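Chemist: Once you have looked at the hints, place chain B on chain A.
Protein chains: 2
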Amino acid sequence: MELKELERTYTELGGEVKKFKKERGKIEIGYRIRYSKKISEVDVFAFGLMSGDWNPIHFDEEFASKTRFAGRVVHGMLTTSLVSAAVAKLSGTAVLIETKFSYLKPVRIGETVEVVCEITEIKGNKYTLKAECFTEEKVVEGEVQILLW
Amino acid sequence: MELKELERTYTELGGEVKKFKKERGKIEIGYRIRYSKKISEVDVFAFGLMSGDWNPIHFDEEFASKTRFAGRVVHGMLTTSLVSAAVAKLSGTAVLIETKFSYLKPVRIGETVEVVCEITEIKGNKYTLKAECFTEEKVVEGEVQILLW
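Chains as they are written, first to last, in the numbering used here: chain A, 1 to 149; chain B, 1 to 149.
For reference, chain A alone in the conformation it holds in the complex (with noise of 0.2 Å):
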């Protein structure tokens, strides 16, 4: 069997693969990249198998409706990691020391969430981007810090 199986799955099952596209603005201070990505149920379940959180607030529909939540909602570290592909859209290959985040209101199953990075400091190869992650409100706000090669 071929990854490309887990895809085709994936995909059938409702997920929304998105092309992979480099930026090509110029990485300067200010600079901003937007992505967002819808996030269905197949995606908070493949984030079950991957990490192995099967936190009932994220799959018992019953359980989560008795939480101050009222429902089920997406893993935070699922939200987050769409500013992980927010910043490998940028020109140059970039890879992730440091990640600060506030997850401020919950995503539910379904919601689209628009991630927008902001270039706030460079040092040589190293970039700080303010991040935020949107609904219809702020969920997520926090920082990264990447080395740009």
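Please note that a few of the clues may not be correct.
The list makes no distinction among identical chains, and a pair is therefore deemed to hold if it is satisfied within one copy or across any two copies.
As the list claims (entries may be wrong) - Straight-line C-alpha distance at most 20 Å; calculated EDC-like pairs for lysine to aspartate or glutamate:
(1) 21 to 61
(2) 66 to 12
(3) 22 to 61
(4) 100 to 132
(5) 100 to 118
Simulated from the structure, these hints should not be mistaken for lab results. Small disclaimer: the values here were computed from a predicted structure and weren't measured.
Modeler: Chain B alone, transformed into the frame defined by chain A:
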């Protein structure tokens, strides 16, 4: 098609499915959780699908062999997704509110990552945990803050 189909495909492609088991120890300062999982090719591919991060440093061996990593590496955020699984094992329901990670060393495809989390602060239902990830050496260090209901 059902989500279980994704699990079958994942398993056939070599993914390690972890049974989710709650810890039963008393939640107090100094309390530790350990959790480990093998990160396979299929996990890296699943992370690509889920996030849209198709950075060639994770997928293109020829490209990656020419970088300072001298070969492909696992997405940093895939490694730290195991921290999410570790804290989910705490008794009660854990929800992330803050994370802070430093990525110290690359993780190679096929390596097993062990996560060690330790409670360092408790304020009401807000818990701070030191979080570290290891392969042969320490690959990540950081801190997470969770709400525990």
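Chemist: With reference to the structure, classify each hint as holding or not holding.
Modeler: Now the hints, each set against the structure:
1. In this assembly of identical chains, residue 21 and residue 61 lie within 20 Å of each other by CA distance solely across copies; the values are 19 Å between and 36 Å within a copy.
2. Proximity of residue 66 and residue 12 under a CA criterion of 20 Å is satisfied in neither setting, with 31 Å inside one chain copy and 36 Å between copies.
3. Only between protomers do residue 22 and residue 61 lie at most 20 Å apart by alpha-carbon distance; the minimum there is 19 Å, versus 38 Å within a single protomer.
4. For the homomeric pair residue 100 and residue 132, the shortest alpha-carbon distances inside one copy (11 Å) and between copies (15 Å) are both at most 20 Å.
5. Taking the shortest alpha-carbon separations for residue 100 and residue 118, both the intra-copy value of 14 Å and the inter-copy value of 19 Å come in at or below 20 Å.
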